[in-house]
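Required output: the full structure, derived from the provided sequences and hints.
Each chain, letter by letter, is given below.
Number of protein chains: 2
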Amino acid sequence: MSLLGIDLGGTKVAFAIFSKEGELLQKDTYLLGKRRGNAVGNLMTETTAALIDSQKSAGDPVESIGVSVPGISHSKTGTVWAPNIKGWEDYPLLEELLKVASFIPVKIDSDRACSILGELWQGNARGCLDAIFLTVGTGIGAGILANGEILRGNMDIAGAIGWMGFSRPYQEKYSACGCFEYYASGAGIARNAEIYRGLDKDYRGELSAIETGSMSAQDVFAAYDNGDKVAIKTVSQCIGYWGMAAANLVSLFNPEKIIFGGGIFGPATRFLPEIKSEAEKWGQPVSMKHVSFETSALLGDAAVFGAGCLALRNAKDKRYPPGRVSLAGK
Amino acid sequence: MSLLGIDLGGTKVAFAIFSKEGELLQKDTYLLGKRRGNAVGNLMTETTAALIDSQKSAGDPVESIGVSVPGISHSKTGTVWAPNIKGWEDYPLLEELLKVASFIPVKIDSDRACSILGELWQGNARGCLDAIFLTVGTGIGAGILANGEILRGNMDIAGAIGWMGFSRPYQEKYSACGCFEYYASGAGIARNAEIYRGLDKDYRGELSAIETGSMSAQDVFAAYDNGDKVAIKTVSQCIGYWGMAAANLVSLFNPEKIIFGGGIFGPATRFLPEIKSEAEKWGQPVSMKHVSFETSALLGDAAVFGAGCLALRNAKDKRYPPGRVSLAGK
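Residue numbers (this note's numbering), protein chains in the order written: chain A, 28 to 357; chain B, 28 to 357.
Calculated directly from the structure, the hints in this document are not laboratory data.
Among the hints, a few may not be true.
Only part of the chain B face toward chain A is listed, based on derived beta-carbon distances under 7 angstroms [claimed, not checked]:
1. W190
2. Y197
3. M271
4. N275
5. E307
6. W309
7. S314
Quick caveat: nothing in here was measured; it's all calculated off a predicted structure.
Cβ coordinates follow ideal geometry from the N, Cα and C atoms, glycine included.
This is the structure:
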């Protein structure tokens, strides 16, 4: 018996077959291309149906399906809000997948939740009851494991740490994505570097050649490696923000581990000791002494492993045996 | 059958008898006076033994005991760290109470946890699965209910929101109690008012008569009522901090309610609408739209009701039937 984990991203979708022991047996990735709305749903249901068939033929049938989505998974309705996929304001993904899954149970959760579940299952959070996955990429989010359970909140939007405020007074520019994300996401790093370059009239470094609005976080890290002063200022600032935000998580949740992931960790992995030092200034001292800061063991695969773990937990969960998955309003 | 809830504070201890339906039948409060260490423990065990006897004689025996403590309740060892009670660095409270409780189960938790449990049982969090009690008094802490369970963390120190950082760069003055508590606790309000009064050379208001180091938050609120400019500046600043911190809780936990309590709410209750407005600037917009900000329904009794609720939950909890409560190392 095998598990199917599906990781839907903003530009691609990955389908992975796992053994129940957590071994990744097969992974196929499809670019979404110009697909939107139902076309994305169709790609997912058709590929799922094909995988169910092929696993059955191979004598290793799919026992349970888990899905990671880039946005909010509404646990009460089975619908999904995914801001980067057109037409997915309230997409009935559970309903669609159950049509092809038949009696195989399906469980959907956010990529935040799946990332920490992936690390819990096969990565750096193995054995933890309290751990947090802090994703820093284009945006910022947190997947929170508290006492062995994923923290969901009242409307499935817990972990929206990109909205953490810390730079008073409030400025209107925070309104689109939140204060922490504005300053310390991948997009924030690029934006800050542009601002610092503009403030330094004598600056003639390598970032000065980049056209306004087209700086990337990668450009900043590359310039940092060459000792560029604007890049150093930008990155130092971010280390301060990441450290303080991580300390706030430690004070509130008293976790065993904070796991840094997403596209920026990655290149910012080397700064983990400085981030920890910064956090130690701010956080509850006993909690800080007993937390470890690590990066993702699974990198870009954290969410697909988490989808596999979701499938495993749901298969085992006697409260929701196959065939008893119900949809709100049905 | 009745429940015994005990609320130990820094200066007094309250013993309350509740019906299982949550009715407060009797409450006795004892000042700690000069008691420290074992003497505090003895007061608790002797009074507990006497109440067990008298309830038995009255035909309404105590079925379960819950205790709220002002500090950290170590769930694995049954010991308590209470910074305001001398000799309670690691006090074996569970062991002591079990000696007199015999086969009656005993459960201990922090006053943070008990405050939200009290509101859940008989206050403003009734029916909630996700709610937070933000205590603002001499210090600041948070009792967090997530998916119906108290958030404990890895070492029982979750909810230490007084350590939340938000005013970069770090300053050494935050090291004793944390940044948020430094600025926005009762002690912080008094300290800020002294600072603002010192900065304004022309100030001749009512707070100028108070000796340095002896300002209280009560003085500041009284001066606020008379339109004093230093008091207004101090309180406005605090509204900003409380609003931003509450928004951070909303973004991270997506709760149904934030309940403000402690000595400052109290006099700051009137500012709840301004605190909400401030929070709305910062927090995750959907979560902010669906959260309600309220003050404690139980006021100074929140923790003792929470101790009663702890007793009730423990009595019902089949994982820990009477007589099977075990102590680490025994």
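Against the structure, the hints come out as follows:
Checking B:W190 against chain A by beta carbon gives a least distance of about 4 angstroms; that is within 7 angstroms, so the hint holds. Satisfaction of the interface hint for B:Y197 is found here, the shortest Cβ-Cβ separation to chain A being roughly 4 angstroms, below the 7 angstroms cut-off. At about 5 angstroms, the closest approach between the beta carbon of B:M271 and any beta carbon in chain A falls short of 7 angstroms, and the interface hint on this residue holds. At a threshold of 7 angstroms, the smallest CB-CB gap from B:N275 to chain A is about 5 angstroms, leaving the interface hint in force.
A distance limit of 7 angstroms between C-beta atoms decides the matter here; for B:E307 the minimum to chain A is near 10 angstroms, and the interface restraint is violated. Here the hint on B:W309 is kept, as its CB sits about 4 angstroms from the closest CB of chain A, short of 7 angstroms. At a threshold of 7 angstroms, the smallest CB-CB gap from B:S314 to chain A is about 5 angstroms, leaving the interface hint in force.
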